[in-house]
Amino acid sequence: MAVVSRQDIEQVALLARLKLEEQELATFSAQLDEILKYVQQLQAVSTDTIEPTSHVLPLSNITRPDERRPCLRPEASLNLAPARHGQLIKVPKVIE
Amino acid sequence: MTIHELRAAIEGGRCDPRQVLDELLERIAQHNPRLHAYIRVEPERLRAALQERLQRGPRGRLFGIPITIKDNICIQDEDTGCSSRILTGFRPPYHATVIERLLAEGAVVMPRANMDEFAFGSSTESSHFGPTRNPWDPDRVPGGSSGGSATAVAADLALGALGTDTGGSIRQPAAFCGVVGLKPTYGRVSRYGLIAFASSLDQIGPITKDVQDCALLLSVIAGQDPRDSTSAPVEVPDYPASLGQSVSGLRFGVPKEYFVEGIDPEVRDAVEQAAKTLERLGMRRVEVGLPHTPYAVAAYYIIATAEASSNLARYDGVQYGYRAANGSRLQAPGSRPPQGDLIEMYLRTRAEGFGPEAKRRIMLGTYVLSRGYYEAYYLKGLKVRTLIKRDFDEAFERCDVILTPTSPTAAFRLGEKLDNPLQMYLSDIFTISVNLAGIPALSMPCGFTASKLPIGMQLLAAPFQEPRLFQVAHAYEQATDWHRQTPAIALN
Amino acid sequence: MHEPVIGLEVHVQLATESKLFCGCPAAFGALPNSQTCPVCLGLPGVLPVLNQRAFEWGIKVALAFDCELADSMKFDRKQYYYPDLPKNYQISQYDRPLARAGHLDIPAGEGTKRIGITRVHMEEDAGKLLHDPQQPHSYVDFNRAGVPLLEIVSEPDLRSPEEAYQYLVELKSVLRYLDVSTCNMEEGSLRCDANISVRPAGGAALGTKVEIKNLNSFKFVRAALEFEAVRQTGALKEGWRIVQETRLWNTKTQHTEPMRSKEGASDYRYFPEPDLVPFGIERSVVDRLRRELPELPAQRRARYTAQYGLSAYDAHVLTQHRRIAELFEQTVSLYAKPKPVANWMMGGLLAYCNAKGKEPDEVAVQPAWLVHLLQAVDAGTISGTMAKELFVEAIEQQQDPQQIIAARGLSQIVDDGVLGPIADAVIAEHPKSVQDYRKGKHNALMFLVGQCMRRSEGKANPTQVTELLKQKLHQQGQEVTG
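Protein chains in written order, with the numbering used here: chain S, 1 to 96; chain V, 1 to 492; chain F, 1 to 482.
FYI, nobody ran anything at the bench for these hints, they're computed from the structure. One or more hints might be untrue.
[To be verified] To give a feel for the contact side, a few chain F residues facing chain S, derived at Cβ under 7 Å: (1) GLU17; (2) GLY23; (3) PRO25; (4) ASN33; (5) GLN35; (6) LEU41; (7) VAL49; (8) TYR81; (9) PRO83; (10) TYR139; (11) PRO272; (12) VAL277; (13) PHE279; (14) GLY280.
Everything numeric in this text was worked out from a predicted model, so none of it was measured. Glycine included, each C-beta is placed from N, C-alpha and C at the ideal position.
With the rest of the complex left out, here is chain S:
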């Protein structure tokens, strides 16, 4: 019994903004299914009383003072853009 269906994969690919070819969909379905079956073994571990660890270091309250720091010159970031329009970055329009 597969853990993930072809439809699951298509949905995940859309969420992840990846356009997959037919071949890739088939391959990834199989591979992801195998991996997910493997990781399901975690269900065997009893964790009812266990807190999750998001951060391994016991750090808290790391902040910075509310002070201004130098900005990038606009050219420094705009020059990196694949497409620009004056001082703005240009992208294809969203068709709602």
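Following the hints, put chains V and F in place on chain S, whose structure we already have.
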């Protein structure tokens, strides 16, 4: 030549750094086409950079010394691409903190060591620029993801290098290439400027020819950084001072879960021999248990891919890097209406920009975070992580360091594991728990297989106990000869 | 009969020196992409670090709404793809936000109504996306990316569009008192989305709710909710079901319209932000910040009715703007008659602000000016009407009215020597009115007073003129009747 030897020679006036660089560049020109440790090298720029350093300083601890940098560490105005097509042309307008620290000590920064794309991999085979080859046997992988860095150091195409480690990506290539690699305690080294794979697991660390160089490089790059909220406010001790101290009376733990079926017998023997050497040095062997070891790979691949899928979401062709060309979309009659040119751009940019392993991990990570699966996978993974960390906390109450093999096998052949991603993941079994727990670990050579492939052993310590690691590693190193062995190719 | 059930989600930009996770300024109206750095651009390799003041201001806001502060708060990633979101995730807060379970009391009839506040949390703002009207392109400006936002979510306790409006007015009032934001809907430093459903009056179950966006003023919020309430009620009466959707307010048509659908409900895949550690909210910090809170509108209102004997209505109007309240108190400390001062604040200053479309903070007024005006009226130097004109002039010229009066010789004529002949002349010119007055028509006297005012170019003291006229008419009468 090691960094510390070169440093002494430069300070003693016996050596001109320019000559060292020239020799290095010559060797690179000769061997890199075959080994492909470097994605690219620009000799003239390097010579000019060295010249400037020699004239203007600063005369720090790495004065005039070139350090090789992996392709996921930002160097200002230098192509930084994580060996991926999707970052083609990206030149960060800023330095990573570790780069600033190297420069502040007078080093010359040497781009660009090859890597697995976005650090996803254990073989450097997923690089957009083609694989790197193991200098001990060019038909084999150097390990990954810091394969380029490890190969360069092993083949004497670099004096020392920086790599990154999320699940073993410094230690495993160090083991496969017969050099020293350290993953520092999580938070020891700033991640600012490291292009993230898994934010709660990543660390930058040194890959060097010997333990002394490793200690030196760590002392340069370590320390809290106000730009990294996860970097630790822990003072940096004098790492080189830990070298040369007696290890008599220290205890080393041997986890029974790490010596089960599936380890190559030659690897097991080599590590057993290393254990005996440690005992001869006066250390005491204790058996420790790390009972949640079997679950580490599963927990890791859930957590790491989840974080990676999120960290890689920004690669979308909007601000920098690769953007898919704007093709015309001819609508077949009766087909689904277009979702919008913007969404097409996202879909195609990422489909064309990422390689298959990157896509696989993004998919897996997206899945385990998605609605309905978060508790069963991601949250569960985080809880198992707590148990794994606890295992180590308890183990370190009974010993000062833990000894394990770095990898179940020595270097495998190129292409051998590409068909089965799960098999590739399982080979990370010995290195992965370390990242989950956030503890420091060092890999160093401890023998060779019959076919002259390096075997690596791993030393683990409690958080911020790098001095202990260096102390034991150095003692072992001085009692053995492995670090003086170089691949045939390096002798030419 | 159906009743609307309304909840409001307000986003407030905090006016800190720098952005939430980096040191870029967050000024409105700067050249595009000039207030950015690698961190707020989300360039590869960068990391966020929390702005300490933004954190403290968040706590202050939570205290002002009587919220329960978290012992320890954390940040989470909210993931979706959009060009104005540099990392394609927003650093926000999901399950351990800054604060929960607070409330805001709004005026309702003679008393107040308590509106619950579900939660207050911190998050970073996105950049701005502009659409080309003709070409199939959009343009991104990242100046706004990373600006600190507080999201304030109300319980669905509002029962009419008017209550929603009052809620927003009161919310803004509190936030302005704290001086944590400019709260300007036009500039986008305050934004509001509304949720509305309808149900049979007095019912317990909630109907299907509709979200409304693109609301650019408090008045539009009220208008959109009015429209929606009617639309939903009408639909239900006809037997239709309400579709759960997001609708946009169209100011031109004054209707809400369905947003063209995106791909289903979003899966934001929230998970804890690994680049930020948790933040404990310590008792000592909370106590310090609580002590630093200014007196808030509700407390001030209570004090005004008690201390100054003002009506609830007057207290409410005066305390809506901190600046007005402060001016009021400063003036009363110099001229101890609260009621006239209150009237001047409302009818004079606030009326001026409304007429000119200005916020009270933008108008510079010295308490001494009003005091001088009131004293001058008391002394009979100027009339009440003149005082009103002089008040406006004082603001516009930024000059003490006392000086204006002196400079222009505007003092009222109180000298009988001057007023007498004027009165005589007017009496002589209007015999009919005099007769009318003698017949008992009081209006005739007023007419004569008016004529005196005209002759004196408004400078005559009306009370005095009235008395004088009465005396003269009486005298004359007596002379006549003898």
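Verification of the supplied hints:
For GLU17(F), the shortest C-beta to C-beta distance to chain S is roughly 5 Å, which falls under 7 Å, so the interface hint holds. A hinted interface residue such as GLY23(F) counts as satisfied when its beta carbon comes closer than 7 Å to some beta carbon of chain S; here the least separation is about 3 Å, so the hint holds. For PRO25(F), the interface hint holds, the least distance from its beta-carbon to any beta-carbon of chain S being 5 Å, beneath 7 Å. At a threshold of 7 Å, the smallest CB-CB gap from ASN33(F) to chain S is about 5 Å, leaving the interface hint in force.
Interface hint at GLN35(F): satisfied, since its Cβ lies 6 Å from the closest Cβ of chain S, which is below the 7 Å cut-off. Hint status for LEU41(F) relative to chain S: holds, with the closest Cβ pair at about 6 Å, below 7 Å. A hinted interface residue such as VAL49(F) counts as satisfied when its beta carbon comes closer than 7 Å to some beta carbon of chain S; here the least separation is about 5 Å, so the hint holds. Given the 7 Å rule on beta carbons, the hint for TYR81(F) holds: about 6 Å separates it from the nearest Cβ of chain S.
With a least beta-carbon distance of about 5 Å to chain S, the hint placing PRO83(F) at the interface is held under the 7 Å criterion. The criterion of a C-beta within 7 Å of any C-beta in chain S is met by TYR139(F), whose closest approach is roughly 4 Å, and the hint holds. A cut of 7 Å between beta carbons decides the hint on PRO272(F): the least distance to chain S is about 4 Å, and the hint holds. Because the beta carbon of VAL277(F) sits about 4 Å from the nearest beta carbon in chain S, less than 7 Å, this interface hint is met.
About 5 Å separates the beta-carbon of PHE279(F) from the nearest beta-carbon of chain S, less than 7 Å, and the hint is met. For GLY280(F), the interface hint holds, the least distance from its beta-carbon to any beta-carbon of chain S being 5 Å, beneath 7 Å.
When each numbered hint is compared with the structure, no violation occurs for any of them.
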